[in-house]
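Number of protein chains: 2
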Amino acid sequence: MFKDFKITEGRPLYIQLKEYLIRMMTNGHLLEHQKLPSTRELSSLLAISRNTVLTAYADLEQEGMIYAVKGKGHFVSHVETFQSPTIELNWTEKINEQTFLSEKLDLIKHGVRWNKEMISFTSIAPDEKLFDVENFKKAFLNRMSIEGDIVLNYGYAKGYKPLIDYLLNYMELKGVDIRNKDILITNGFTEGLDILLSTLNKKYGRVICENPTHHAALKLFRLHGYDIDGIEMEDDGVNIRELEKCLSKQEYDFAYFIPSYHNPTGIVTSSEKRKKIMDLFSAYQLPIIEDGFNEELRYSGSHQAPLAAFAGNGNNVIYIGSFSKILFPGLRVGWILADKELIYYLESMKRARTVHTSTLDQAVLYQYLNDGYFEKYIKKAKAVYKKKYELAVQYCKQYIPCKRITSDGGLHLFIELDHNIDSQKLLEKCYQKGVVFSTGNVFYTDSSGQHTLRLGFSRLNEKEIIQGIKIIGDTVKHNYGG
Amino acid sequence: MFKDFKITEGRPLYIQLKEYLIRMMTNGHLLEHQKLPSTRELSSLLAISRNTVLTAYADLEQEGMIYAVKGKGHFVSHVETFQSPTIELNWTEKINEQTFLSEKLDLIKHGVRWNKEMISFTSIAPDEKLFDVENFKKAFLNRMSIEGDIVLNYGYAKGYKPLIDYLLNYMELKGVDIRNKDILITNGFTEGLDILLSTLNKKYGRVICENPTHHAALKLFRLHGYDIDGIEMEDDGVNIRELEKCLSKQEYDFAYFIPSYHNPTGIVTSSEKRKKIMDLFSAYQLPIIEDGFNEELRYSGSHQAPLAAFAGNGNNVIYIGSFSKILFPGLRVGWILADKELIYYLESMKRARTVHTSTLDQAVLYQYLNDGYFEKYIKKAKAVYKKKYELAVQYCKQYIPCKRITSDGGLHLFIELDHNIDSQKLLEKCYQKGVVFSTGNVFYTDSSGQHTLRLGFSRLNEKEIIQGIKIIGDTVKHNYGG
Numbered sequence: 001m002f003k004d005f006k007i008t009e010g011r012p013l014y015i016q017l018k019e020y021l022i023r024m025m026t027n028g029h030l031l032e033h034q035k036l037p038s039t040r041e042l043s044s045l046l047a048i049s050r051n052t053v054l055t056a057y058a059d060l061e062q063e064g065m066i067y068a069v070k071g072k073g074h075f076v077s078h079v080e081t082f083q084s085p086t087i088e089l090n091w092t093e094k095i096n097e098q099t100f101l102s103e104k105l106d107l108i109k110h111g112v113r114w115n116k117e118m119i120s121f122t123s124i125a126p127d128e129k130l131f132d133v134e135n136f137k138k139a140f141l142n143r144m145s146i147e148g149d150i151v152l153n154y155g156y157a158k159g160y161k162p163l164i165d166y167l168l169n170y171m172e173l174k175g176v177d178i179r180n181k182d183i184l185i186t187n188g189f190t191e192g193l194d195i196l197l198s199t200l201n202k203k204y205g206r207v208i209c210e211n212p213t214h215h216a217a218l219k220l221f222r223l224h225g226y227d228i229d230g231i232e233m234e235d236d237g238v239n240i241r242e243l244e245k246c247l248s249k250q251e252y253d254f255a256y257f258i259p260s261y262h263n264p265t266g267i268v269t270s271s272e273k274r275k276k277i278m279d280l281f282s283a284y285q286l287p288i289i290e291d292g293f294n295e296e297l298r299y300s301g302s303h304q305a306p307l308a309a310f311a312g313n314g315n316n317v318i319y320i321g322s323f324s325k326i327l328f329p330g331l332r333v334g335w336i337l338a339d340k341e342l343i344y345y346l347e348s349m350k351r352a353r354t355v356h357t358s359t360l361d362q363a364v365l366y367q368y369l370n371d372g373y374f375e376k377y378i379k380k381a382k383a384v385y386k387k388k389y390e391l392a393v394q395y396c397k398q399y400i401p402c403k404r405i406t407s408d409g410g411l412h413l414f415i416e417l418d419h420n421i422d423s424q425k426l427l428e429k430c431y432q433k434g435v436v437f438s439t440g441n442v443f444y445t446d447s448s449g450q451h452t453l454r455l456g457f458s459r460l461n462e463k464e465i466i467q468g469i470k471i472i473g474d475t476v477k478h479n480y481g482g
Numbered sequence: 001m002f003k004d005f006k007i008t009e010g011r012p013l014y015i016q017l018k019e020y021l022i023r024m025m026t027n028g029h030l031l032e033h034q035k036l037p038s039t040r041e042l043s044s045l046l047a048i049s050r051n052t053v054l055t056a057y058a059d060l061e062q063e064g065m066i067y068a069v070k071g072k073g074h075f076v077s078h079v080e081t082f083q084s085p086t087i088e089l090n091w092t093e094k095i096n097e098q099t100f101l102s103e104k105l106d107l108i109k110h111g112v113r114w115n116k117e118m119i120s121f122t123s124i125a126p127d128e129k130l131f132d133v134e135n136f137k138k139a140f141l142n143r144m145s146i147e148g149d150i151v152l153n154y155g156y157a158k159g160y161k162p163l164i165d166y167l168l169n170y171m172e173l174k175g176v177d178i179r180n181k182d183i184l185i186t187n188g189f190t191e192g193l194d195i196l197l198s199t200l201n202k203k204y205g206r207v208i209c210e211n212p213t214h215h216a217a218l219k220l221f222r223l224h225g226y227d228i229d230g231i232e233m234e235d236d237g238v239n240i241r242e243l244e245k246c247l248s249k250q251e252y253d254f255a256y257f258i259p260s261y262h263n264p265t266g267i268v269t270s271s272e273k274r275k276k277i278m279d280l281f282s283a284y285q286l287p288i289i290e291d292g293f294n295e296e297l298r299y300s301g302s303h304q305a306p307l308a309a310f311a312g313n314g315n316n317v318i319y320i321g322s323f324s325k326i327l328f329p330g331l332r333v334g335w336i337l338a339d340k341e342l343i344y345y346l347e348s349m350k351r352a353r354t355v356h357t358s359t360l361d362q363a364v365l366y367q368y369l370n371d372g373y374f375e376k377y378i379k380k381a382k383a384v385y386k387k388k389y390e391l392a393v394q395y396c397k398q399y400i401p402c403k404r405i406t407s408d409g410g411l412h413l414f415i416e417l418d419h420n421i422d423s424q425k426l427l428e429k430c431y432q433k434g435v436v437f438s439t440g441n442v443f444y445t446d447s448s449g450q451h452t453l454r455l456g457f458s459r460l461n462e463k464e465i466i467q468g469i470k471i472i473g474d475t476v477k478h479n480y481g482g
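Respectively, the protein sequence lines represent chains S and P.
Mapped onto UniProt numbering, the consecutive letters of the first sequence carry residue numbers 1 to 482.
Mapped onto UniProt numbering, the consecutive letters of the second sequence carry residue numbers 1 to 482.
These are computed hints drawn from the structure, not numbers from a lab.
Be careful, since some hints might not be right.
Some chain P residues close to chain S (C-beta under 10 Å, calculated; not the full set) [unchecked claim]: (1) H78; (2) L89; (3) W91; (4) L141; (5) S145; (6) F328.
Dumping the calculated BS3-like pairs for lysine-lysine here, alpha-carbon to alpha-carbon at most 25 Å [claimed, not checked]: (7) P:K388 x P:K376; (8) P:K376 x P:K275; (9) P:K203 x S:K104; (10) P:K158 x S:K94; (11) S:K158 x P:K109; (12) S:K403 x S:K386; (13) S:K137 x P:K138; (14) S:K109 x P:K161; (15) S:K403 x S:K161.
Ideal placement from N, C-alpha and C gives every residue a C-beta, glycine not left out.
Extracted from the complex, chain S is given alone in its bound form (with noise of 0.2 Å):
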């Protein structure tokens, strides 16, 4: 007995054996009424010190698990023993058609299963080794210093205020009339999403987008029930000519768009053609979700306004942002900019689901974007994102027999193969080489895209960049010649 007991780094002894022994009265090695060694005897046994041994007991006799006699020593309480018939339920059963849907739709489930030495192309995430975590630690205490105990706390479903206020500003800057709007803070862009989804009447089911676009707002709106139309893309943004056919033809709920750097194409819709958006959707007096989409990651050409902007004091734009996509996807923090009266609602919508955004997420976040660090970060990633993407471009062009490739930006390019061309079956000879990304089809409203695939290459360096394009290009050249 007792020979078993092993230590481990980092965590204080008194709780290791504390659990130890708790362990040993579970598993019936140690019964009911059983007498202790004495923490003499213990402590010897076990190599330790006495106090640690005094400490365990001590606070095992608090908790009632065990008791002492005086003069005797320390015996084990009641054990509870659990003899209550056991069922198994059979719980695929118990599950509904919507969250099999979410399971089917769910791509690291169903993804490619890379390993570490080989090349891939399937991340959009920020590059870890970019990140600024001296400065994010003097802005976590920074902000602990200030009001540590109330970060801690609970805070509000609309969201940390200075956060709040914050970002009002910040969306002013970019354009925005913010007078009769308000700000909702969530768990990053796919809450915002899906609580707003939760919120809205589905009078039609229908959504138009464009096509292809972001995999995890479609996953959403297949989940939502919704039907969705997509509208091809051009290089600069979508077909105005087809969303006005479709518009005049079909009743929608809503649109949604992703106007800068949009996922996949990267494609920049230019200004012309948002102010033709807003015309349009003004006229058919219908809402636009506006996905704010690494709008900070522009490499070359002038700012751009989001749709918010373009719509002036009207309120049909309902625009949700996230920092998370560049700066740091670890903290889950994104906002909706909306008409007051919308996020009144959303705020119960949210204060129900998820209670609030963690204060501390936001409150660090907050503090690290009022000190000036997000500015100097931005400034070092885009240099070394734009680099990685003018490296993919040149590289893309070079080697891949391809109709067509877009990106403005960003941390992604898309490919279109030419139409015989299966993406999957690329894939999985490319996978033989050591080289994986994502394909296409994903991102299609409808079964279309078969023959794209997207190439996120912010986490990899140079050399694999320009490795791993080069072994798609082969493996293009090779099967289907070029």
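Let chain S serve as the given structure and place chain P on it in line with the hints.
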């Protein structure tokens, strides 16, 4: 011009200047192609260093907001003007019924408003003065130095692996058989329950639970369209005969129980009743959602194993836990421990809806727990809350004429007054005297409980507890005799 530039503390000056200039452009005070003052002029005009102006100009140029002409200075670039027709949608028309219900059931929006001079018994949040901010900082810095870059990048929908492993061990020490079980980390208890309700098949549309019970859970059952049958609470847990009668008469999808420090009654279900409940639910092959609410806040008596432990190697108990309630509510971290198969599906739903819970929150919480700070904190917190608890019980018994006071510990008491006393009216009278509390009716599954109230004492000092209880007692006596 430039005379209204105001400097605020704490934010880098060049950013403040940049934002000021952007505002001048967007609001029409600086026009397209207008010449900006030279850096020398502007620095002297605003009494700031020339370097600050240089940095701001360089940034604006890099962002395409201004352009430089060699030998001539800086000029304003194209300024977007927004002339789209603005539209005014009626958002209330676009809100669905479920959202109106969430607003109607939103206690924060419709609860009593009180100010800081009043004595409020409404909160059951922990007292932030007890927070162990210094050790929390240590845990943060410790974790960041181990893997800061990983903590800040995307995590997994299922949760942060070290925390999951910690919690599996934690649950095992409570006597839970973790074979064929798994854990999903959620944004606190509330998201856990919401995701679960979104995942389960609604076969009968009916849930059975204690009456009264946790308001946030009732709200979610209602939002998910469940009918609710509540079972009367006796001093040692639900009335088993009544429970059995319901189960024999009616089909249910599942039950919801809070066996320890039940909210709002504070009752701890006895070990005998826990066994009986498990036997019944085994016989009826029904799942139980167990709310592990404040299980750690035991001030006396022996350790009580959760229902999940009584289930043995059966799989019908879904345990939802959270440290937020007593540790750091500002961190939104909870967990679901359940059958592996069920967790597999819950994971996909979690990913679809919020991607994952903040890795920062999870990682720092893990470090805090693993370093043994939680054990120290809970000892200190228990000593303080125990005193407040005993004081509150003593004074309630002495001063408030009532039929029943329940609470075996935790951070609140529940009081049943004479049936002819409406606690809403009592609240209005106490409000006039500077004391507020939660009326009990919101915790009931039916329209009963008009004569009940909940007193949360965690954030009040001893003087306030005594004074507040005396005022409530006097108000009862004065208005209803006693």
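Hints, verified against the model:
| no. | hint | in the structure |
| --- | --- | --- |
| 1 | H78 | holds, 6 Å |
| 2 | L89 | holds, 5 Å |
| 3 | W91 | holds, 4 Å |
| 4 | L141 | holds, 7 Å |
| 5 | S145 | holds, 9 Å |
| 6 | F328 | holds, 4 Å |
| 7 | P:K388 x P:K376 | holds, 19 Å |
| 8 | P:K376 x P:K275 | violated, 32 Å |
| 9 | P:K203 x S:K104 | holds, 22 Å |
| 10 | P:K158 x S:K94 | holds, 20 Å |
| 11 | S:K158 x P:K109 | holds, 12 Å |
| 12 | S:K403 x S:K386 | holds, 23 Å |
| 13 | S:K137 x P:K138 | holds, 11 Å |
| 14 | S:K109 x P:K161 | holds, 17 Å |
| 15 | S:K403 x S:K161 | violated, 49 Å |
In this structure, the earlier hints numbered 8 and 15 are contradicted, and the remaining ones agree with it.
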